[in-house]
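With chain W fixed as given, assemble chain Y onto it according to the hints.
Protein sequence lines, in the order shown, are assigned to chains W and Y. Per numbering that gives the first Met the number 0, residue 0 is the first one in the first sequence, and the count goes up by one each step. Per numbering that gives the first Met the number 0, residue 0 is the first one in the second sequence, and the count goes up by one each step.
Do not rely on the hints blindly, as some may be mistaken.
Simulated pairs of lysine-lysine, BS3-like, Cα-Cα distance not exceeding 30 angstroms [to be verified]:
| hint | chain 1 | residue 1 | chain 2 | residue 2 |
| --- | --- | --- | --- | --- |
| 1 | Y | K198 | Y | K27 |
| 2 | Y | K287 | W | K75 |
| 3 | W | K80 | Y | K328 |
| 4 | Y | K204 | Y | K27 |
| 5 | W | K100 | Y | K284 |
| 6 | Y | K326 | W | K80 |
| 7 | Y | K256 | W | K7 |
| 8 | W | K64 | W | K42 |
| 9 | W | K56 | Y | K315 |
| 10 | W | K48 | Y | K326 |
| 11 | Y | K49 | W | K75 |
| 12 | Y | K284 | Y | K315 |
| 13 | W | K35 | W | K75 |
Because the hints were derived from the structure by calculation, they are not lab data.
Chain residues, written in single-letter form:
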Amino acid sequence: MKFKIIPKLFLNLFKRPLTVKFPAESLSIPDGYRGKHRFLPDKCLGCGKCVQVCPNKAIEMVEVKQEDGTIKKQPKIDINKCCFCGLCENVCPTKAIRLTKEIPFVDEDGNAPVIN
Amino acid sequence: MNKDKKEYQEFLFGPAHPGSGNFSVRIKLTGEMVIEAKSDPGYLHRGFEKLMEYRDIWQNAVLSDRICVFEPLAWNLIFAEAVEKLTDIEVSKKAKYIRVILVELSRIQSHLIWFGALSSATGFDTGLKIAFGYRDYILDLFSALTGGRIYPAGYICPGGLRRELPQNIEGRILKVLGKIEQAISYFEEEDPIFGVRTKGIGILKLEDAIRLGATGPVLRASGLKDDVRKSEPYEIYQEIDFNLPVLKNGDAYSRFKVGLLEMKESIKIIKQLLNKIPSGDFLNKKLKVGTTFNLPDKEIYLRNEIARGEGAVYIKGNSGPNPERVKIKGPSFLHLIPVLEFLLKGAEVADIPVIYWSLNPCPADMDR
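Chain W on its own, in the form it takes in the complex (with noise of 0.2 angstroms):
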């Protein structure tokens, strides 16, 4: 039993590491993957669904300004407080908010990072 590791030992050594340099290679992320949100104002009805389906009340409605002067009514997320359930994005009857697969979402002000 002692001498069963010499082996694999020397099998480990053509073998490549599991593990990649981040920034520059980074591993497959999966379609469905919950990450960081993307919202698209254009297709947002104002409809609040999403502030009331949130489980941590990350999402509150504010009112923008619009190009034409108009002002309309659209969510702003949290990331800081974001549990990433994706609920906001099943509720949207329009698909506005979507969960991307991208995951480094800190700012490197390191200030909170928000979706608006």
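This is chain Y only, laid out in the frame that chain W set:
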């Protein structure tokens, strides 16, 4: 001995000890021997039972992940089943098959953590690395299936599942099972030092196990053939052919061995189901994820066999969308307070981590 001096020393095992995991035990020692041990829980209390009273069913399904970090899918299933029984929601056969496959995969990865932690407690760090390395293959599967490596965010939800299975996942699951079988073969090559550190340590006799309320692998390692999957079958367990591994010694080594055999049984269960997944809806057609509904003015208590023992949920509705009262019963509560205190009495200091981890505890489901 000087009369002014105390006859014993007192110290804390945990909560900052790397081998204790957010849990602490107050220990009194004379020399190397423990004369009294008192569990000191509460470092991981998050108040789930109260939080659930302020959330609707879908939000609670997401929250039920977090009850136990090691097996979120199993807690998802208990919560979903309780809501289904309460509101008479039907689940398709397809969803039931996928649920059982996922819960058994979750059991395997939870047992791998157990062996990792137990190896580390005996000073066998290679075991920890092998176990956690192989567990990652299962986490990759979860990430493809549920969208998250650890937390499935209520993937098993009331009425079925939150989304469809990805294509060609069966082949991937089979490949991962092959890898896990390889890991089990490593664990079966008995390391003599591991044997010395675990054999005859922390013996829990059958009458003590029953008296103190042990469940799951801990009870089966003491010699009682009892499992909710057999005694009160839920989902499709009555159609599946599997055995219950039972050992008689009741020491740390038997508990390790029972877990190892259980992993083999889980692999057997998944292999039986993989090729037979029927076609159908993944979610009940009357339901839509995120669209809430009222709970009737009834109550339910439902139990399941999760990796560490018997987990249960009690829900009482009051004709509104939020439950009036939720009670969560995790298996670790009884394992970490009465059983651990009983086993530590008379043990040696060096055996404390071994006894602690041989019970497969999860302070998260205990403190809730």
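A quick look at each hint next to the structure:
Straight-line distance between C-alpha atoms of K198/Y and K27/Y comes to about 24 angstroms, which keeps the hinted pair within the 30 angstroms bound. Restraint check for K287/Y and K75/W: satisfied, since their Cα atoms lie roughly 24 angstroms apart, inside the 30 angstroms limit. About 28 angstroms separates the Cα atoms of K80/W and K328/Y, which keeps this hinted pair within 30 angstroms; it holds. Restraint check for K204/Y and K27/Y: the C-alpha separation of about 24 angstroms stays at or below 30 angstroms, so the hint holds.
Simply put, K100/W and K284/Y have alpha-carbon atoms about 28 angstroms apart, close enough for the 30 angstroms limit, and the pair holds. A C-alpha spacing of about 26 angstroms is found between K326/Y and K80/W, which places the hinted pair at or below 30 angstroms, so the restraint holds. The suggested pairing of K256/Y with K7/W holds, with an alpha-carbon distance near 25 angstroms, which does not exceed 30 angstroms. With a CA separation close to 16 angstroms, the supplied pair K64/W and K42/W stays within the 30 angstroms bound.
Between K56/W and K315/Y, the direct Cα distance comes to roughly 24 angstroms. Compliance with the 30 angstroms bound is thereby established for this hinted pair. Pair hint K48/W plus K326/Y holds up; C-alpha atoms about 29 angstroms apart against a cutoff of 30 angstroms. Between K49/Y and K75/W the CA atoms are separated by roughly 27 angstroms; this keeps the pair inside 30 angstroms, and the hint holds. At roughly 25 angstroms between alpha-carbon atoms, K284/Y and K315/Y fall within 30 angstroms of each other, so this suggested pair holds.
A hinted pair counts as satisfied when its Cα atoms are at most 30 angstroms apart, and K35/W with K75/W qualifies at roughly 13 angstroms.
Violated hints: none; the structure is consistent with every hint.
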